[in-house]
Amino acid sequence: MRLALILVCFLMFGQLHAQEADRSTYKLGIKTSINISSLLGTEFENPRPKFGYSAGAYFQTPELKKNWSLHTEALGSFRGSNFSNGDTGYSRIALFYVDVAVMPQYTFQEGKKSISFGPYLSYLGLSSLYIGEKKKAELNNLDIDPLDAGFVTYFTIHGPLASFQVGGKLGLKDVNNGINFDTYYPQTGKNGIIRNLSLEIGVLF
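The opening position of the sequence shown corresponds to residue 0 in numbering that gives the first Met the number 0, with each subsequent residue numbered one higher.
What the hints contain is simulated information worked out from the structure, not anything from laboratory work.
Among the clues, some could well be false.
[Claimed, not checked] Here are the simulated PhoX-like cross-link-like pairs (lysine-lysine), alpha carbons at most 25 Å apart as the crow flies:
#1 LYS26 <-> LYS64
#2 LYS112 <-> LYS30
#3 LYS26 <-> LYS65
Keep in mind that this is a model prediction, so the values were computed, not measured.
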């Protein structure tokens, strides 16, 4: 994880001195990122950040209007949340989503930086609950709504070979679909709110 962070920081420094990226053609590329995620709301107790990663493809249009283009992406994303509930309480919820986002992108005049913002839709492929320090999941296929939707925004520094990107995703939908861990502490089954949040650092090729 530390090596990945060092690599990303190095790429960021390099892109600060990069040449202007070509904005006149369509571009299909690969994106990979690390993320810090958590589950917000009132259903779970003592949430803490969880490290994860994502990878997939993106598609970039040329300028459709002055400085404006369209950025779309489809990613597989490992996220969820850690929890501080002691040795006998639930300690981690691991989620795997397939995310699709479509975003208008504004590129600043010098052509090296841009900002993207728009909606995303996610499909939940896997979900698991962990207790205490146990490495094996106690429960799978949790009662979390398989569809999530929210808002995503990115800031990108463009380069000729790779681009550096930071941003975040906020789920606007309550994905609680009847969560109730009967025998695990702290109490669930309160019909509380559960929303996804993730902050991302990525590289685009």
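Taking the hints in turn, this is what the structure says about them:
1. LYS26 <-> LYS64: holds, 17 Å
2. LYS112 <-> LYS30: holds, 17 Å
3. LYS26 <-> LYS65: The hint holds at about 18 Å.
Hint check: no violations occur; every hint is consistent with the structure.
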